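Asker: Read off the chains here:
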Amino acid sequence: MADIALQPRVAKPQIREATRWDLIRTNKNWLGFWFMMPAMGFLIFFLAYPLGLGIWISFTDAKIGRPGAFIGIENYEWLRDDSIFWLSVFNTLLYTFIASAIKFAVGLYLALLLNENMPFKAMLRALVLIPFIVPTVLSALAFWWIFDAQFSIISWSLKHLGLITQNINFLGDSTWARICVIFANIWRGVPFVAITLLAGLQTVQPSLYEAATLDGASKWEMFRYITYPLLTPIIAVVMTFSVLFTFTDFQLIWAMTRGGPVNATHLMATLSYQRAIIAGQLGEGAAISSAMIPFLLAAIMVSWFGLQRRKWQQGENND
Amino acid sequence: MSSVQIRDVRKSFGNFEVLHGVSIPIEDGEFVVLVGPSGCGKSTLLRMLAGLENITSGTISIGDKVVNNVQPKERDIAMVFQNYALYPHMTVADNMGFSLKLRGAKAEEISSGVNRAAEILALTPLLDRYPRQLSGGQRQRVAMGRAIVRDPQVFLFDEPLSNLDAKLRVAMRTEIKELHQRLKTTTVYVTHDQIEAMTMADKIVVMHDGIVEQMGTPLELYDRPANQFVAGFIGSPAMNFLKGKVKSNGSASFEGPNGVKLPLQSAPANSEGQPAVYGVRPEHFTIADDGAEAEIIVVEPTGSETQVFAKIGGEQVVAVFRERHEFSPGDKIRLKPDPSLVHLFDETTGKRLNG
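Sequences listed follow chains A and B, in order. Residue numbers are given in our numbering: position 109 of the first sequence equals residue 109, and the series is strictly consecutive. Residue numbers are given in our numbering: position 282 of the second sequence equals residue 601, and the series is strictly consecutive.
In short, the hints are calculated from the structure, not lab data. Since the model is a prediction, treat every value here as computed from it, not as a measurement. No false leads were mixed into what you were given.
Some chain A residues well away from chain B (every beta-carbon gap over 12 Å; in silico):
no.: 1; residue: Asp22
no.: 2; residue: Asn27
no.: 3; residue: Pro38
no.: 4; residue: Leu163
Pairs of lysine to any residue residues, derived as SDA-like cross-links and limited to a Cα-Cα distance of at most 25 Å, are as follows:
no.: 5; chain 1: B; residue 1: Lys392; chain 2: A; residue 2: Gln205
no.: 6; chain 1: A; residue 1: Lys121; chain 2: B; residue 2: Leu371
no.: 7; chain 1: B; residue 1: Lys562; chain 2: B; residue 2: Glu591
no.: 8; chain 1: B; residue 1: Lys651; chain 2: B; residue 2: Val618
no.: 9; chain 1: B; residue 1: Lys522; chain 2: B; residue 2: Asn482
no.: 10; chain 1: A; residue 1: Lys219; chain 2: B; residue 2: Gly423
no.: 11; chain 1: A; residue 1: Lys219; chain 2: B; residue 2: Lys425
no.: 12; chain 1: B; residue 1: Lys564; chain 2: B; residue 2: Gln584
no.: 13; chain 1: B; residue 1: Lys392; chain 2: A; residue 2: Glu210
no.: 14; chain 1: B; residue 1: Lys425; chain 2: A; residue 2: Leu208
no.: 15; chain 1: B; residue 1: Lys420; chain 2: A; residue 2: Leu230
no.: 16; chain 1: B; residue 1: Lys655; chain 2: B; residue 2: Thr621
no.: 17; chain 1: B; residue 1: Lys425; chain 2: A; residue 2: Tyr228
no.: 18; chain 1: B; residue 1: Lys420; chain 2: A; residue 2: Glu221
no.: 19; chain 1: B; residue 1: Lys655; chain 2: B; residue 2: Ser585
no.: 20; chain 1: B; residue 1: Lys420; chain 2: A; residue 2: Pro229
no.: 21; chain 1: A; residue 1: Lys219; chain 2: B; residue 2: Arg394
no.: 22; chain 1: B; residue 1: Lys522; chain 2: B; residue 2: Thr493
From the three backbone atoms N, C-alpha and C, an ideal C-beta is built for every residue, glycine too.
Assemble the whole structure, with the sequences as input and the hints as a guide.
Answerer: Structure below.
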């Protein structure tokens, strides 16, 4: 060490002037612009453009194989007097409201359960995800079979138990059909809610529960006064997504009922597809789809206010 | 307020025993500090006292009641956590009044309790703030306020100052001690910082590897450490240890490393040639002509005192002088330990040998 320290210092070259290339290279704004370009390109070509095109088509009388001309809001005027359209709006709202509410309740319950210490915790958590990873059409087909008029395993079991004498016409009766599609949607949507809320639960410091234990809180009081309030930000996120996914659901309905019986399970998305692609009335179908936008915007507005940083989240970092 | 008795308490996690029979008597109103290196089981013991961990065997009583199977909330204790564990979504007032609210107290009762504690801790202007809007020291005070509001029999502190910066730590140390003098509530305080222990405690319990090494007042532990571990743990800079042999034939002395002769007031009986560890605190060195020769390595002035690192017989020691000396590295000086303040420990068991 001493030898190294004692070596005479060699004069070093001067620090060189910054070139124009150095300026570009070190300018963070310039670099940021380039990094932003690919994402912006994707968003424009795959989201903004189709959305704009869809809205444009809704103002034309385009049919499959015919480009169509601008007809103003004629398509919307037609829809105003179309009882099937209004039925689909009602169905969509009913479907979204009931399915989301139950998904939230069941998802939260599952998340709390999975957050407890228990044997095979990791495996159980993985199992919960199964409904989420099965392709929608596949699970829809399974449900179709489960709710089949002749071969339904539910009817079969109930008959063998002697509870009913005739098969239940699950997908043929309008009330039953609605219950069945809502059930299938809940089955599929619960894992997303449960796993996301579980992630939220795990961010709650264990010492808060210890402090609450010493403060004399019961299990319910801990949930009511600590877990739930701390979870509200993530609940706002997960329920926004859940509502958006449910509102725009298409696959499950199309595979199980195609909107039947007698349009009882037609959602706006399925009706739009039926009018636009099956019947070829692109303009009218696009108008139905575009009519979903105000509802979705309303849902986003609700979550926007729900997602606002709460007062207790503001200020200095906690760490 | 009440006394606490910890009797032969053991704790195992699975087959792994972390506490091997700990007994600590704590008197009513006493400020007891559990101190030890990390992993010594001090926090576990505190959590057992709080009821957050089960007691594997032995008993803990608060007052005259054994609380082994009493629910935490019924033990009438309050705890201040290392990370404060303030509820982030509640204001300072709500945080402090939470236990009263759960107890079903009336609104006026809660606010009077909160206001009283806030006044004691000078938190009144902060009552409407959220924990995020507070500084570390303020959060620390809110956590203490939450404990005070409950007016418990026993306060428990789990390393409450380790998240604060050095200056604030010193200030909060004084504040906690002053608070204890005013409230006179029995307090059990866990820390790894021996200076905190020395400055705050009525009684220090030094723990190491799941056992109690020594219990006593701060100065007892400082002046007469029962073993080498306590001697090395208490005091800063730490005590110097030199290995060697006791010479008791003729006048007592100690033969240090490389034959260095060190003074000894008296040798234990029948100890001629016994291998031992010679302990001397840095401030008990003086410069004297009959001292052991030492070569200075590093000099660290702190203003009020100067720490001198030197080698005696090839072993590094540190000496602290309050008076100023003109030393520089490489200087040869003669360091003489004060024989009446020297400690002698058994080389294998580490037990104290001299009286």
